[in-house]
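Using the sequences plus the hints, can you model the full thing?
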Amino acid sequence: MYRIGFDIGGTNLVCGLMDADFNLIKKAGTPFRRRDYDPAGEGIAEDLYSLASSVCASCGVDFRDVPSVGVCIPGSVDTARGIVIDAHNLGLHDAPFRETVSRRFGKPAEMLNDADAAALAEQRIGALAGTENSMLVTIGTGIGVGIILGGQLFHGGRGYGVEAGHAQMDVNGESCTCGRRGCIETLCAATWLNRRAAELFEKAEGTVLELYKNVSDRGKFDAKALITAARMGERASLAVWDRYIDNLSNALGSYINILDPQLIAIGGGVSGAGEFLLAPLNERTAKQSFFREPTPIVRAKLGNDAGLVGAAMYGNI
Numbered sequence: 000m001y002r003i004g005f006d007i008g009g010t011n012l013v014c015g016l017m018d019a020d021f022n023l024i025k026k027a028g029t030p031f032r033r034r035d036y037d038p039a040g041e042g043i044a045e046d047l048y049s050l051a052s053s054v055c056a057s058c059g060v061d062f063r064d065v066p067s068v069g070v071c072i073p074g075s076v077d078t079a080r081g082i083v084i085d086a087h088n089l090g091l092h093d094a095p096f097r098e099t100v101s102r103r104f105g106k107p108a109e110m111l112n113d114a115d116a117a118a119l120a121e122q123r124i125g126a127l128a129g130t131e132n133s134m135l136v137t138i139g140t141g142i143g144v145g146i147i148l149g150g151q152l153f154h155g156g157r158g159y160g161v162e163a164g165h166a167q168m169d170v171n172g173e174s175c176t177c178g179r180r181g182c183i184e185t186l187c188a189a190t191w192l193n194r195r196a197a198e199l200f201e202k203a204e205g206t207v208l209e210l211y212k213n214v215s216d217r218g219k220f221d222a223k224a225l226i227t228a229a230r231m232g233e234r235a236s237l238a239v240w241d242r243y244i245d246n247l248s249n250a251l252g253s254y255i256n257i258l259d260p261q262l263i264a265i266g267g268g269v270s271g272a273g274e275f276l277l278a279p280l281n282e283r284t285a286k287q288s289f290f291r292e293p294t295p296i297v298r299a300k301l302g303n304d305a306g307l308v309g310a311a312m313y314g315n316i
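The sequence shown begins at 0 in numbering that gives the first Met the number 0 and counts up one residue at a time.
Source of the hints: derived by calculation from the structure; they are not laboratory data.
The reader is advised that the hints may include incorrect statements.
Said to hold, decoys possible - When the alpha-carbon atoms are kept at most 25 Å apart in a straight line, the in silico BS3-like pairs for lysine-lysine are as follows:
no., residue 1, residue 2
1, K26, K300
2, K25, K300
3, K223, K202
4, K223, K300
5, K25, K106
6, K106, K26
The following block contains the structure:
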């Protein structure tokens with residue numbers, strides 16, 4: 000028996016074919032095509048079906064041996080009713096997407112928020128394995144938070160999961176995409192680092208930053224390059240990195256004081272900094288926590304595949 004999970008993003012659709020134990024056999028993607036009018040997501044479901052058919056065929060797998068499918072989505076998802084409440088990047092609003100996918104595939108389908116999917120996978124077979132109460136915090140363009148309570152994925156009272164990245168840290172802070180100001184996301188997402196890096200790059204002359212005019216990704220000084228410069232001891236970059244860790248430790252300290260998790264895993268691109276992030280983050284977050292014993296903060300294990308695997312798992316619960 001095989002499993003299939005999908006990770007739908009605003010840029011790409013990714014399909015993962017797994018064995019019965021959720022070991023990834025093959026992964027493939029295709030550019031996301033946004034339609035002008037696709038209220039139920041039928042066009043997206045068609046693209047998912049084509050992608051899954053191609054992946055199965057390339058592996059010699061009979062699609063009939065896949066009992067169900069799971070989908071994770073960046074947005075607010077009512078998991079109980081199978082409705083995408085709001086996924087702006089996908090053009091879906093109050094869309095009965097689970098029914099649409101199930102009808103196109105002729106199989107049972109489930110869907111959930113992408114951070115929740117990643118948290119489920121990490122709790123089953125990743126960094127959070129063995130925990131009953133834990134959190135996954137993914138740091139990318141935004142902040143995604145998936146919560147495990149009592150050994151189960153927490154969906155919240157409305158069934159939408161949580162939007163912990165939009166808890167407010169600074170009422171007079173930077174504008175957030177949600178329309179409010181000073182959300183955790185504005186201070187802790189990789190976007191914050193990218194903005195500060197761009198500011199440094201404009202000012203930098205005769206420093207190690209100058210090196211990145213030719214070698215940084217996409218020809219600009221971004222978060223990845225800033226972290227590299229900070230590792231090298233470049234003072235301006237190190238000062239920004241220090242501020243970032245303060246921001247993130249304040250946010251995680253608040254999460255700990257509310258939920259008292261056994262363990263927090265950090266995912267997303269910024270987690271690639273490894274101990275350069277985790278060592279000071281653990282130290283400073285412990286000082287923000289009410290509890291005497293610190294909550295360990297570790298790097299997530301499953302990387303970019305966590306959403307795919309978690310979606311497949313949820314589709315087979």
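Okay, the hints, checked on the actual structure:
1. For the hint linking K26 to K300, the alpha-carbon distance of about 17 Å falls within 25 Å, and the restraint holds.
2. At most 25 Å may separate the alpha-carbon atoms for a hinted pair to count; K25 and K300 meet this at roughly 18 Å.
3. Between K223 and K202 the CA atoms are separated by roughly 18 Å; this keeps the pair inside 25 Å, and the hint holds.
4. For the given pair, K223 sits about 19 Å from K300 by alpha-carbon distance, which is consistent with the 25 Å threshold.
5. In summary, the hint linking K25 to K106 is supported, as the alpha carbons are separated by about 21 Å, within the 25 Å threshold.
6. The straight-line distance between the Cα atoms of K106 and K26 is roughly 20 Å, inside the 25 Å bound, and the hint therefore holds.
Of the hints listed earlier, there is not a single one the structure fails to meet.
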